[in-house]
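Respectively, the protein sequence lines represent chains A, B and C.
Counting from 71, one number per residue, gives the positions in the first sequence under the numbering used here.
Counting from 71, one number per residue, gives the positions in the second sequence under the numbering used here.
Counting from 71, one number per residue, gives the positions in the third sequence under the numbering used here.
Hints may be right or wrong, so weigh each one.
Which copy is meant is left open, so a pair is good if it fits within one copy or across any two.
Here are the simulated BS3-like pairs of lysine-lysine, each with C-alpha atoms no more than 25 Å apart in a straight line [as the list claims (entries may be wrong)]:
1. Lys146 to Lys306
2. Lys233 to Lys306
3. Lys107 to Lys94
4. Lys159 to Lys322
5. Lys331 to Lys288
6. Lys94 to Lys288
7. Lys101 to Lys233
8. Lys248 to Lys159
9. Lys306 to Lys322
10. Lys146 to Lys275
11. Lys282 to Lys312
12. Lys322 to Lys146
13. Lys275 to Lys202
14. Lys146 to Lys331
15. Lys107 to Lys233
16. Lys189 to Lys78
17. Lys306 to Lys232
18. Lys94 to Lys232
None of these hints come from the bench; they were simulated from the model.
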Amino acid sequence: MRTYTTAKDLGNLEQAVQEALSIKRNRFAFKHLGENKTCLMVFFNNSLRTRLSTQKAAMNLGMNTIVLDVNQGAWKLETERGVIMDGDKSEHLLEAIPVMGQFCDIIGVRSFARFESKKFDYEETILNQFIKYSGRPVFSMESATVHPLQAFADLITIEEYKKTKRPKVVMTWAPHPKALPQAVPNSFADFMNEADVDFVIAQPKGYELDEKFVRNAKVTYNQDEALEGADFVYAKNWSAYKDPNYGQILSKDMSWTVDTKKMALTNNAYFMHCLPVRRNMIVTDDVIESAQSLVIPEAGNREISAQVVIKRMLESL
Amino acid sequence: MRTYTTAKDLGNLEQAVQEALSIKRNRFAFKHLGENKTCLMVFFNNSLRTRLSTQKAAMNLGMNTIVLDVNQGAWKLETERGVIMDGDKSEHLLEAIPVMGQFCDIIGVRSFARFESKKFDYEETILNQFIKYSGRPVFSMESATVHPLQAFADLITIEEYKKTKRPKVVMTWAPHPKALPQAVPNSFADFMNEADVDFVIAQPKGYELDEKFVRNAKVTYNQDEALEGADFVYAKNWSAYKDPNYGQILSKDMSWTVDTKKMALTNNAYFMHCLPVRRNMIVTDDVIESAQSLVIPEAGNREISAQVVIKRMLESL
Amino acid sequence: MRTYTTAKDLGNLEQAVQEALSIKRNRFAFKHLGENKTCLMVFFNNSLRTRLSTQKAAMNLGMNTIVLDVNQGAWKLETERGVIMDGDKSEHLLEAIPVMGQFCDIIGVRSFARFESKKFDYEETILNQFIKYSGRPVFSMESATVHPLQAFADLITIEEYKKTKRPKVVMTWAPHPKALPQAVPNSFADFMNEADVDFVIAQPKGYELDEKFVRNAKVTYNQDEALEGADFVYAKNWSAYKDPNYGQILSKDMSWTVDTKKMALTNNAYFMHCLPVRRNMIVTDDVIESAQSLVIPEAGNREISAQVVIKRMLESL
Numbered sequence: 071m072r073t074y075t076t077a078k079d080l081g082n083l084e085q086a087v088q089e090a091l092s093i094k095r096n097r098f099a100f101k102h103l104g105e106n107k108t109c110l111m112v113f114f115n116n117s118l119r120t121r122l123s124t125q126k127a128a129m130n131l132g133m134n135t136i137v138l139d140v141n142q143g144a145w146k147l148e149t150e151r152g153v154i155m156d157g158d159k160s161e162h163l164l165e166a167i168p169v170m171g172q173f174c175d176i177i178g179v180r181s182f183a184r185f186e187s188k189k190f191d192y193e194e195t196i197l198n199q200f201i202k203y204s205g206r207p208v209f210s211m212e213s214a215t216v217h218p219l220q221a222f223a224d225l226i227t228i229e230e231y232k233k234t235k236r237p238k239v240v241m242t243w244a245p246h247p248k249a250l251p252q253a254v255p256n257s258f259a260d261f262m263n264e265a266d267v268d269f270v271i272a273q274p275k276g277y278e279l280d281e282k283f284v285r286n287a288k289v290t291y292n293q294d295e296a297l298e299g300a301d302f303v304y305a306k307n308w309s310a311y312k313d314p315n316y317g318q319i320l321s322k323d324m325s326w327t328v329d330t331k332k333m334a335l336t337n338n339a340y341f342m343h344c345l346p347v348r349r350n351m352i353v354t355d356d357v358i359e360s361a362q363s364l365v366i367p368e369a370g371n372r373e374i375s376a377q378v379v380i381k382r383m384l385e386s387l
Numbered sequence: 071m072r073t074y075t076t077a078k079d080l081g082n083l084e085q086a087v088q089e090a091l092s093i094k095r096n097r098f099a100f101k102h103l104g105e106n107k108t109c110l111m112v113f114f115n116n117s118l119r120t121r122l123s124t125q126k127a128a129m130n131l132g133m134n135t136i137v138l139d140v141n142q143g144a145w146k147l148e149t150e151r152g153v154i155m156d157g158d159k160s161e162h163l164l165e166a167i168p169v170m171g172q173f174c175d176i177i178g179v180r181s182f183a184r185f186e187s188k189k190f191d192y193e194e195t196i197l198n199q200f201i202k203y204s205g206r207p208v209f210s211m212e213s214a215t216v217h218p219l220q221a222f223a224d225l226i227t228i229e230e231y232k233k234t235k236r237p238k239v240v241m242t243w244a245p246h247p248k249a250l251p252q253a254v255p256n257s258f259a260d261f262m263n264e265a266d267v268d269f270v271i272a273q274p275k276g277y278e279l280d281e282k283f284v285r286n287a288k289v290t291y292n293q294d295e296a297l298e299g300a301d302f303v304y305a306k307n308w309s310a311y312k313d314p315n316y317g318q319i320l321s322k323d324m325s326w327t328v329d330t331k332k333m334a335l336t337n338n339a340y341f342m343h344c345l346p347v348r349r350n351m352i353v354t355d356d357v358i359e360s361a362q363s364l365v366i367p368e369a370g371n372r373e374i375s376a377q378v379v380i381k382r383m384l385e386s387l
Numbered sequence: 071m072r073t074y075t076t077a078k079d080l081g082n083l084e085q086a087v088q089e090a091l092s093i094k095r096n097r098f099a100f101k102h103l104g105e106n107k108t109c110l111m112v113f114f115n116n117s118l119r120t121r122l123s124t125q126k127a128a129m130n131l132g133m134n135t136i137v138l139d140v141n142q143g144a145w146k147l148e149t150e151r152g153v154i155m156d157g158d159k160s161e162h163l164l165e166a167i168p169v170m171g172q173f174c175d176i177i178g179v180r181s182f183a184r185f186e187s188k189k190f191d192y193e194e195t196i197l198n199q200f201i202k203y204s205g206r207p208v209f210s211m212e213s214a215t216v217h218p219l220q221a222f223a224d225l226i227t228i229e230e231y232k233k234t235k236r237p238k239v240v241m242t243w244a245p246h247p248k249a250l251p252q253a254v255p256n257s258f259a260d261f262m263n264e265a266d267v268d269f270v271i272a273q274p275k276g277y278e279l280d281e282k283f284v285r286n287a288k289v290t291y292n293q294d295e296a297l298e299g300a301d302f303v304y305a306k307n308w309s310a311y312k313d314p315n316y317g318q319i320l321s322k323d324m325s326w327t328v329d330t331k332k333m334a335l336t337n338n339a340y341f342m343h344c345l346p347v348r349r350n351m352i353v354t355d356d357v358i359e360s361a362q363s364l365v366i367p368e369a370g371n372r373e374i375s376a377q378v379v380i381k382r383m384l385e386s387l
């Protein structure tokens, strides 16, 4: 595997999940693969789960890891070509990226949507420059429009907890004080569309996601209706995708917060969220602390999803 | 060992010191113990010695290490339950802690007193949430009220340098420009009270420490009297513990600075300090640079104390 | 090797280059040397290449690595003796340095010129305190006046790409928006003067470097003349060295920018730069992206130069 940004990159998804579950039972079985290999993790944005889980996954595989916080230990990077660099940016990505590639074997990149230009974000400009110029296999650790390590971990979690062959999975928008990217819902939709689930997206009007990710999912503006009979409730906030409101907050409607009344509409559903989560905005204390909440094992599976991806990249070196 | 916050956690203290001295002679003897194990070090506050010595100790034991600077590479964490999280805190400790626990085997936590609430500090709210929710053995890397890795290193140092079976050890307050927590003097008192030493605390009026730590120590307001015949002088600043002055500076009396005149009162005592130290406030250049100053080997023993603690936690997994 | 700051520290330079090329062919051949050894990298200033390449080099040699960002994860350090430390600096270098030495076997230090005092900078005050007080072998990861890991990597690169026994190497000043130290040109001159090359320095008037580094190099104020017949063009900005203008910008003359016209004067020269580089100030997009640009393999050799240095230090332990 040379890049990891979508469900498709994993090939047969059922097989990838089985590989994940097998790795989960024996995390150190492939430690020889990473010997003398270095995984570089480049963060343009903050991170908790991804930082820890990806390091852990790479170390499980016997790799050395280097964490680079751009803008903290390093410096600001220019991204446009042709600029006379007389400002505060000391280096161009066109040099920085191949240089980073010199000192590692695999690169993970975190680079959030900036909301300055939908085109810049949806072309995955930063991530794609790494893919194009680093000379190394590159995986997204949440980039402008996708978070495929999260979505793969979500799928593994659903596989572990589902009680029926084809569970009903509802991804519902929920309110949040700050404008958030669409990366998590995009990738979750991408994966659910490839998985054997009955997938529904519930959201207020104006929050329609990119068709590229929504594909054949059922979409509704009625959260209650969506939750009926749900086996998994996947809550998430995102900002508007559609023009002219890209990156904007259109609603903070607290009636979309997932509480015990909402959960009572479901088929005793499990509650999922990628974290970090704003309590009592996205979900109430009661629900997230309930026995049906999967947020911690779901986070735990981030180590496993990262390990499958890095393992496959190591195998392709 | 599942938690490490007090001298008592080490069981027989004499035996723990002997284990430390044995490890110091052969630091890599237990490297197999840490294979495929990860030590996570979580810093809510800055650190030099603890950061380096604990990493070194974990690596001596063959562990992988992950350092997490909360508020730098990660984000601000909410600590109160029931809050509608619509402010600048992106995640609740109640999620963040069990998530951290997913990606490691042992956790060290640095979290200083905040001086906003004596109750919040002395209940060790942050550290105890890690103990309660992480699912992992947890050790304090200086928390609100204790610094047991430091105190254990201090005890090891006294053991190495003492010339009599039961040395006189004087912990003396000294002036400092900023209000400091009581963590170091608390833990030093805790350990000295369990050790075979003649323990005296000298401080200006108002600086009385928590009885829980002081126990049967001799306490005096006369520094000169205390220093007479001392074998070890342990200087340290702390802010007031007693209400209504909790966390406040009551004195910057420079006559408490440890200088050569003060040291002349002692039994050619060794000078100790946990570092970092404000020179010419706590202690003069002359004294800290003298042959009797143990500050560097004392710091060096931080690696050893951490290694004993982590080793015992590894053995209990 | 106990210190690494100059070309001379490497002894026979030709031999050092051969050792480098041999290591480059088999980077993991000396992995046993670093077992149970720790390389501490102390950054007082930001870094990208040095941070990554030095970690990689130490890991290639089987070492553990610890990265310390002073002022970020740690705190501000006092550097003057005799000061009453009642300000914002929590610790004195005279304690901090030997403490750091306790927890590692080899130390790399990055500490840029401050431009507050030429004497302070050119005495390499910070670096020399590490050499004097750490008790460990110390190498410069760019200090106030030298960057010998860079210059050694440059020499290795010239050795790899040269087409004649004694190539003409031109180091030319180029414009830059901010005042930069002389560390890179100083060390490059130091190394070129010891190597078998025809070495020329081109710079505007007032930009003369320290004689200690310039030695017998040809120096000219005419860039075009210098470039004639050049086999390697090494572009770099630096601020004035000579009094009373130390650390100042005397020119931003864009006619010194290395563009295709300038390169046309040469013997189809290779273009070199240590990076980070300001595009269209130091060099145009066209030249840095041309087939003759060596900036990426040159950066890649940073891993190799660091590995030779650390290997030799390990051998001397």
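Evaluation of the provided hints:
| no. | hint | in the structure |
| --- | --- | --- |
| 1 | Lys146 to Lys306 | between (31 Å within a copy, 20 Å between copies) |
| 2 | Lys233 to Lys306 | within (23 Å within a copy, 60 Å between copies) |
| 3 | Lys107 to Lys94 | both (22 Å within a copy, 15 Å between copies) |
| 4 | Lys159 to Lys322 | between (36 Å within a copy, 17 Å between copies) |
| 5 | Lys331 to Lys288 | within (23 Å within a copy, 61 Å between copies) |
| 6 | Lys94 to Lys288 | neither (32 Å within a copy, 56 Å between copies) |
| 7 | Lys101 to Lys233 | neither (33 Å within a copy, 43 Å between copies) |
| 8 | Lys248 to Lys159 | between (27 Å within a copy, 11 Å between copies) |
| 9 | Lys306 to Lys322 | within (13 Å within a copy, 51 Å between copies) |
| 10 | Lys146 to Lys275 | neither (38 Å within a copy, 32 Å between copies) |
| 11 | Lys282 to Lys312 | within (13 Å within a copy, 62 Å between copies) |
| 12 | Lys322 to Lys146 | between (34 Å within a copy, 22 Å between copies) |
| 13 | Lys275 to Lys202 | neither (37 Å within a copy, 42 Å between copies) |
| 14 | Lys146 to Lys331 | neither (47 Å within a copy, 30 Å between copies) |
| 15 | Lys107 to Lys233 | neither (40 Å within a copy, 33 Å between copies) |
| 16 | Lys189 to Lys78 | within (23 Å within a copy, 53 Å between copies) |
| 17 | Lys306 to Lys232 | within (20 Å within a copy, 58 Å between copies) |
| 18 | Lys94 to Lys232 | within (17 Å within a copy, 51 Å between copies) |
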